[in-house]
Amino acid sequence: MHLGSIVLAVAMIAAGAFWQAWHSHQADRSPTGSSWPGIVIGSVAAGIILFELLLWPRKWLRRFRLFPTKYWMVAHIWLGLATGPLAFIHSGYRLGGTFSTTLMVLLLFVLLSGIYGWVIQMVLPRWMLGNLPYETITGQIDDVSIQAALNARRMLTVAYGPKPEGLQKLPNLDGFVSDMSGVVTVRQGRQEVRAIVIGAVQRRDTKGLHIEIDSGNEFNEEDGRELWGQYATVIEPFMLRGIPLSYGEATSPQAQKETSPKSPISTRQKMIDWFSMLRDSCSSSTRTIVNHLEKLTEQRLQYDAQRRAQSWLHGWIAFHASASVVLGVLLVAHIVLALKYM
Amino acid sequence: MQENGSQRAVKIERFYHQAFDRFIYRKRWMSFLGFLVGIGYSIWLLLSSNGALQVSTGVLSQPHFAWNKTGCEKCHLPNVPIRKDAWGGDRIEHIRDNNKNCNGECHAVTGHFEAKTKTGVLETESCSTCHREHLGFDRNLVEVYDSECSRCHADIASVANHPVAPDSNAQQPISNFSAENGHPNFASLKHDPGTIHFSHAQHMRPGQPKSPNGADAKKLDMIPEKFRGLYQDRVDANQLIQLTCSNCHARDVELKGYEGLELADSTPTASIQSTDHMLYKPVEFDKHCAACHDLDGLAHGLDRKQMNEAIKELTPRKILEYLKKRFTEAEPDSLVEGKMLKEIAEEIDGRKTRLDAILMQSEKTCAKCHEPSKEPNAIVAPSHLKRKWLRDASFTHGAHLMVSCKDCHAEAYKSPSEVYDNAIAGNTKSKEESSIVMIAGITKCRECHIQDAHLRSQKFATLKHVATADCVDCHRYHSDPPKNSASVGIVDPVAVNLGDFQRFLASEKAP
Numbered sequence: 001m002h003l004g005s006i007v008l009a010v011a012m013i014a015a016g017a018f019w020q021a022w023h024s025h026q027a028d029r030s031p032t033g034s035s036w037p038g039i040v041i042g043s044v045a046a047g048i049i050l051f052e053l054l055l056w057p058r059k060w061l062r063r064f065r066l067f068p069t070k071y072w073m074v075a076h077i078w079l080g081l082a083t084g085p086l087a088f089i090h091s092g093y094r095l096g097g098t099f100s101t102t103l104m105v106l107l108l109f110v111l112l113s114g115i116y117g118w119v120i121q122m123v124l125p126r127w128m129l130g131n132l133p134y135e136t137i138t139g140q141i142d143d144v145s146i147q148a149a150l151n152a153r154r155m156l157t158v159a160y161g162p163k164p165e166g167l168q169k170l171p172n173l174d175g176f177v178s179d180m181s182g183v184v185t186v187r188q189g190r191q192e193v194r195a196i197v198i199g200a201v202q203r204r205d206t207k208g209l210h211i212e213i214d215s216g217n218e219f220n221e222e223d224g225r226e227l228w229g230q231y232a233t234v235i236e237p238f239m240l241r242g243i244p245l246s247y248g249e250a251t252s253p254q255a256q257k258e259t260s261p262k263s264p265i266s267t268r269q270k271m272i273d274w275f276s277m278l279r280d281s282c283s284s285s286t287r288t289i290v291n292h293l294e295k296l297t298e299q300r301l302q303y304d305a306q307r308r309a310q311s312w313l314h315g316w317i318a319f320h321a322s323a324s325v326v327l328g329v330l331l332v333a334h335i336v337l338a339l340k341y342m
Numbered sequence: 001m002q003e004n005g006s007q008r009a010v011k012i013e014r015f016y017h018q019a020f021d022r023f024i025y026r027k028r029w030m031s032f033l034g035f036l037v038g039i040g041y042s043i044w045l046l047l048s049s050n051g052a053l054q055v056s057t058g059v060l061s062q063p064h065f066a067w068n069k070t071g072c073e074k075c076h077l078p079n080v081p082i083r084k085d086a087w088g089g090d091r092i093e094h095i096r097d098n099n100k101n102c103n104g105e106c107h108a109v110t111g112h113f114e115a116k117t118k119t120g121v122l123e124t125e126s127c128s129t130c131h132r133e134h135l136g137f138d139r140n141l142v143e144v145y146d147s148e149c150s151r152c153h154a155d156i157a158s159v160a161n162h163p164v165a166p167d168s169n170a171q172q173p174i175s176n177f178s179a180e181n182g183h184p185n186f187a188s189l190k191h192d193p194g195t196i197h198f199s200h201a202q203h204m205r206p207g208q209p210k211s212p213n214g215a216d217a218k219k220l221d222m223i224p225e226k227f228r229g230l231y232q233d234r235v236d237a238n239q240l241i242q243l244t245c246s247n248c249h250a251r252d253v254e255l256k257g258y259e260g261l262e263l264a265d266s267t268p269t270a271s272i273q274s275t276d277h278m279l280y281k282p283v284e285f286d287k288h289c290a291a292c293h294d295l296d297g298l299a300h301g302l303d304r305k306q307m308n309e310a311i312k313e314l315t316p317r318k319i320l321e322y323l324k325k326r327f328t329e330a331e332p333d334s335l336v337e338g339k340m341l342k343e344i345a346e347e348i349d350g351r352k353t354r355l356d357a358i359l360m361q362s363e364k365t366c367a368k369c370h371e372p373s374k375e376p377n378a379i380v381a382p383s384h385l386k387r388k389w390l391r392d393a394s395f396t397h398g399a400h401l402m403v404s405c406k407d408c409h410a411e412a413y414k415s416p417s418e419v420y421d422n423a424i425a426g427n428t429k430s431k432e433e434s435s436i437v438m439i440a441g442i443t444k445c446r447e448c449h450i451q452d453a454h455l456r457s458q459k460f461a462t463l464k465h466v467a468t469a470d471c472v473d474c475h476r477y478h479s480d481p482p483k484n485s486a487s488v489g490i491v492d493p494v495a496v497n498l499g500d501f502q503r504f505l506a507s508e509k510a511p
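Which chain is which? The protein sequence lines are A and B, in order. Residue numbers for the first sequence, in my numbering: 1 to 342. Residue numbers for the second sequence, in my numbering: 1 to 511.
Calculated directly from the structure, the hints in this document are not laboratory data. Worth double-checking, as some hints may not be accurate.
One-sided and incomplete, this derived list gives chain B residues near chain A with beta-carbon spacing under 8 Å [to be verified]: (1) D21; (2) G34; (3) G38; (4) T57; (5) R83; (6) V144; (7) S147; (8) E411; (9) S415; (10) I436.
The following label-pair restraints were derived from C-beta to C-beta distances [what the hints assert, rightly or not]: (11) B:T70 x A:T69: 43 to 53 Å; (12) B:Q458 x A:W72: 17 to 27 Å; (13) B:V37 x A:Q121: 46 to 56 Å.
Only a predicted model underlies this, so the values are computations on that prediction, with no experimental measurement involved. Quick reminder that beta carbons are idealized off the backbone N, C-alpha and C, glycines included.
Please model the entire structure based on the sequences and the hints provided.
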């Protein structure tokens, strides 16, 4: 798929360099952009830059199925890379004045940002696939985190009853939930097991998520108080950090910001150690509950990593695209001025 | 129970893609901002006077620097390629328009062998082809690449409108200065057209003796008192005057701090190069010769009419006294047809004989240095002393102060044994010596002026003043050589209408 574009790009560069050198030798002059080959090579480079910019309007016209995106992107990459050498050959291997230097610097920036984006988009998604199994849609991370907090609250409520009085106040999540479930008996193969049914029941999942609990385990009040207490002070603030939520009287993102860096579960290793201590401080009947809370915390940690990865993955596009737009506009000015003062 | 994909999927809003995405938001805003920046910058480039500086491919050279910021249109005609190698730049009408833009309002340049060049050849030459601008303030616009000259001179027959004369230097195919590429020796140095009998070897000996044994050497006290001051620092232990080059050859432009470099025994150490000092002033009898060659009050340089006017004022006695001093009994052979002084005086008194004719007979008077004139009104033939020897080239002595005079004028430093003719006792071969051109040829130039840059850098290890050998180091394009090369001065290669230029500068400074 890449070979055709690579051959075309290399052929254009080689042909341009040879033509410019041959013409320069024939005329016994140093190569310039205003020579016949200089103008043709510059026009080819300008045409490619125009094609590169068409990537954007192409998205508006994608319903017409103009050309498969993958082929378009391959051409975008390799022909785009050819513009650098072609522009340099066009210029006669000189930067010229401030304006033409600006154009070359801009082109270089666009090329480098494009190369960066290309490499990062090849590397990071693979890494994320292997290391972030909880990956979700980035824009939905806050929403999914709130649902996870709701699930955790529901699980604790089902197991130990409502949050005891006197513990740290939790944000109001009433707007995010519609149903609640309880401890039910469900069939797992030939066996019937007790399970806490939770899940995104407010959406399309009517069945919810089943968290198995050991048969015969009884939830005692002391464990409930301990788990609710740790959940309210450590786990949920960590899960919902950065999300502006109502605490009843006032929104307190500042308070969350302050607690987040000091959270004892802010890294994976800290989290493992902390949950290990939590297990030790509760009876063995809480193991399933604590495991699930740990999983939700792990999920949140992965969401943070995903967010960072997404910044690396998509942050460059703003610079690449804006520099490309500046380059495109200045290219028009360059053509006008060059024809006027050639 | 492990959460499956479907369960994870249902957590997602169905229309999540319509939700706010900061990456897309940032991309759109930055692109819009980029668009505005691009448009703003372009408008500024097109409309602002300072924008021209951004578009300019480089700083203009010193002569054109006044237009560096705001004078693009002074040279660049709209939509007319200024470079000949630009697309469409080789069209005759474009070349003509561009050349008119330079030549006329500001410059007044001449053609280049127009009469000897095929019609239409020079019309295809544009100013900017050779004079490349935008290469910095210090760029010398006269520095033209050899290739610009060799475009025609490598195959001169193809552009000349008449048959090539085989002995003409100008019509030899020349690519550059190197011996391999055909620059012939300088035709101007083939012979000396001068008519003055002068022996450099004699005059560079202490006391300037005419005889080989030095018996007639002059001491300081033998010259008139009024000249002694000029030579008192040039006497040796025997009070003999030792002349140097600078005693007769004065620079056309004074170079303070570098006096005395022309001393015969000096070792040049000057590292300066002055393009102001090109040649040496002509030798003047009254300044440089009269100290020893006294005419006893008779003015030098008189023609026949002036001479006769002068002697009308003299009594026969005075004339006789003058002749007695010039023509002694010891020199009977030098008298005109054996006439006695008395008879001559009688003839002069009756104005039957012209004094100048008598004076030309003796080597103690005009004939000592001059040939008799063939013109009726002149006593002596024109000297034809060349001030500028290289007819088609400009040699700048000021650029060669690091070498001694002897390096290039070795013929002027010949030993007495080479110059004195022992067969003729007491006489130098000044007549023969005068016909020798005392300027070294192209081979000497090539010792320092090396065409090949690699060879030049190699030579630099042993010779610090190696130099380039570009055509423009010596030649100028915009001036055909004058017919009379003996009287040529220094020709400004590109005459600039300074009045217009100064008026322009004044208007630029005006608020």
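Range agreement (Cβ of A:T69 with Cβ of B:T70, hint 43 to 53 Å): holds (50 Å)
Restraint check, 8 Å cut-off on beta carbons, for B:V144 near chain A: The hint is violated - B:V144 has no Cβ within 8 Å of chain A, the shortest such distance being about 12 Å.
Chain A contact restraint for B:R83 - C-beta distance below 8 Å: Holds, because the Cβ-Cβ distance from B:R83 to chain A comes to roughly 6 Å (cut-off 8 Å).
C-beta pair B:V37, A:Q121: status relative to the range 46 to 56 Å that was hinted: Given range 46 to 56 Å: violated, Cβ gap about 27 Å.
Satisfaction of the B:D21 interface hint, Cβ to chain A closer than 8 Å: Check passed: Cβ of B:D21 comes within 6 Å of chain A, closer than 8 Å.
Interface restraint verdict for B:I436 against chain A (beta-carbon cut-off 8 Å): Interface hint status for B:I436: violated (41 Å vs cutoff 8 Å).
Given hint B:S147 near chain A, where the shortest CB pair must fall under 8 Å: holds (4 Å)
Evaluation of the interface hint that places B:E411 against chain A, nearest CB under 8 Å: At about 40 Å, which exceeds the 8 Å cut-off, the nearest Cβ of chain A leaves the hint on B:E411 violated.
Supplied contact hint for B:S415, tested at 8 Å Cβ to chain A: For B:S415, the interface hint is violated, since the closest Cβ of chain A sits about 49 Å away, which is over 8 Å.
Cut-off 8 Å, beta-carbon criterion: hint that B:T57 touches chain A: Constraint on B:T57 satisfied, holds at 4 Å.
Status of the given 17 to 27 Å range, CB of A:W72 versus CB of B:Q458: With a Cβ separation near 57 Å, B:Q458 and A:W72 fall outside 17 to 27 Å, so the hint is violated.
Chain A contact restraint on B:G38 - CB to CB distance below 8 Å: This hint holds: B:G38 lies near chain A, its Cβ roughly 3 Å from the closest one there, short of 8 Å.
Checked against the numbered hints given earlier, the structure breaks hints 6, 8, 9, 10, 12, 13 and satisfies all the rest.
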